[in-house]
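Number of protein chains: 2
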Amino acid sequence: MGKKVGKQTFVIDTQPAIINTATVVGPFEGKGPLKEYFDHIYTDNLAGELSFEKAEKEMMLNACFTALTKAGKTPQEIDLFLAGDLLNQIITSGFSALELTIPFLGLYGACSTSAEGLAIASMIIESGCASNILVATSSHNSSAERQYRYPTEYGSHKKPFSQRTVTGAGAAIVSKEGNGPKITHVTIGKVEDLACKDPLNLGAAMAPAAASTLVQHFADTGRGPEYYDLIVSGDLGKFGHQLAIELAISQGGFDLSKNFKDCGLMLYDLEKQDVHAGASGCASSAVVTYGYLYKKLLDGTYKRLLLTATGALHSPISCQQGENIPSIAHSVSIEMI
Amino acid sequence: MGKKVGKQTFVIDTQPAIINTATVVGPFEGKGPLKEYFDHIYTDNLAGELSFEKAEKEMMLNACFTALTKAGKTPQEIDLFLAGDLLNQIITSGFSALELTIPFLGLYGACSTSAEGLAIASMIIESGCASNILVATSSHNSSAERQYRYPTEYGSHKKPFSQRTVTGAGAAIVSKEGNGPKITHVTIGKVEDLACKDPLNLGAAMAPAAASTLVQHFADTGRGPEYYDLIVSGDLGKFGHQLAIELAISQGGFDLSKNFKDCGLMLYDLEKQDVHAGASGCASSAVVTYGYLYKKLLDGTYKRLLLTATGALHSPISCQQGENIPSIAHSVSIEMI
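Residue numbers (the numbering used here), protein chains in the order written: chain R, 1 to 337; chain L, 1001 to 1337.
Treat each hint with caution, since some may be false.
Claimed, not checked - When the alpha-carbon atoms are kept at most 30 Å apart in a straight line, the in silico BS3-like pairs for lysine-lysine are as follows:
#, chain 1, residue 1, chain 2, residue 2
1, L, Lys1197, L, Lys1004
2, L, Lys1182, R, Lys176
3, L, Lys1182, L, Lys1296
4, L, Lys1176, R, Lys182
5, L, Lys1003, R, Lys4
6, L, Lys1003, R, Lys7
7, R, Lys238, R, Lys261
8, L, Lys1007, L, Lys1197
9, R, Lys3, L, Lys1007
10, R, Lys73, L, Lys1007
11, R, Lys73, R, Lys295
12, R, Lys70, L, Lys1004
Read the hints as simulated data drawn from the structure, not as lab findings. Quick caveat: nothing in here was measured; it's all calculated off a predicted structure.
Next comes chain R alone, as it looks inside the complex:
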């Protein structure tokens, strides 16, 4: 039986396992330092499709079907499909669900979707209702840039603190039974707002949410940062990551400096690839966690991982109307037990 501890953390007593994962990325991501950890690297951004939106759907479906194949499961053996993405009306997820023919629950948590999906999946498995849940998320550089900022064809210049939206998708199967890293705790974030208004500086907008959820996770569980071999944020980038470290000290007295990394700083080679402050997008945390970190949990490099994926909850319209960019972060404890 699950239970709540403290204010925002839920103990997943049955400790469901992430029995398998799959990740696919675009050609640019396939040139980064983690390239050997992905299941498929596309040779072109359109993935053989006629639009970036269709390419993104192809990527999510490829990740989902690859995860199913690796786990030896058919769609009929999966009880629920939980997915979300960055596109308006999460069309990548909805259209993927149509082809997967698995009962579907659509999520929107922006770039926190990977953690939101794992959190809801583990609570639903804890309820006894479902035994196998497929979670997925995706982003595509060109579909996201067009929707949130400018079409990539314009070649607009970026500011130094801007981040590159990842082209790729990640899927994971969370199961009541089976081997793999276990989900033991989830901390659901509150929406935070430190008055950032710049949609080109999302690391700064999301850092307060990461710090808030991490500080609350430690307070709720009695665990300090040192309990984990690795704490990763999803896509804070160079400046947001540093800001989160400072906020965790000032707001909770927790020193993250020793074992806190950011998926957005791991995916690209920041020296050689021109990505400014790092990676962003739903796929940032998904491909790094389900690709690289999942394998590092399995090979024993890490035993206790705290994924803290952050999302900026703005829209182009809310920015045009002068609103701040609120953000959220959810934490999921993933442990080899």
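Here the structure of chain R is known, so what remains is to put chain L in place on it, guided by the hints.
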């Protein structure tokens, strides 16, 4: 302990209660036949705000705080806030969550969001993780029309099968303990597509999903339509509702003609209010179910209600790219026990 029965239905063993609800609507909805059942009727569409988007947020917050007040609960007593809406990046829900300061999980199920929220809330309560969950959804005629079709200021003409997006919001509190109608079963829908391409004819696009989920609910539970005093769809409208009745017969042999209504046909006076085929939008099922039907459950008019909210999962971009409009429906059994 919850369990799965059949292919898509989950039994919520602990039967959480909907301990209270609140609904608010715009001025046009306040002229309809259900006006006496709403907690607040706004006298103008802007609800005192400077934009339709801000008005929609004001409405969702008003519904949420009213539900909390009626239930005698503070935000601090609520474990999770589950919400979604029609706007890009569900900004109504995200910005409401910021003010509510309750841990937030964002959902996107288009007009199926009311049922999606109740379904996930009841499974999370079943897990033991949470005791009190606030669910909410909203839509606003002017913010939705501008985003999906044309700004209302253009005065564009509508086709006879078009529906009017409801201005309003509904909130409900689902609790482990307490009095009120109980959630006993949820059936999570698959995405369906019968090749409708017209975003002005969403009733036709969504009818296959309603029929599919209802037929599966009956097959999974062994209950026939006659088990329920009332089965309601969310916003199929005049033509979609009729189509769903025909599909339920042809696909499952189930006769819905006796006790199947549509919230989209109950909210407005179709003779006197010029709304073509009826109401649509996330708020359609939410304000009718949480406003009118909730009170009819409490006063004994109905004992067994099956809410089946449908959502069209298109975006303007997917329509422009020539895609069909896929749709989904989720069913929630709400029973006085």
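Which hints, by number, does the structure contradict?
1
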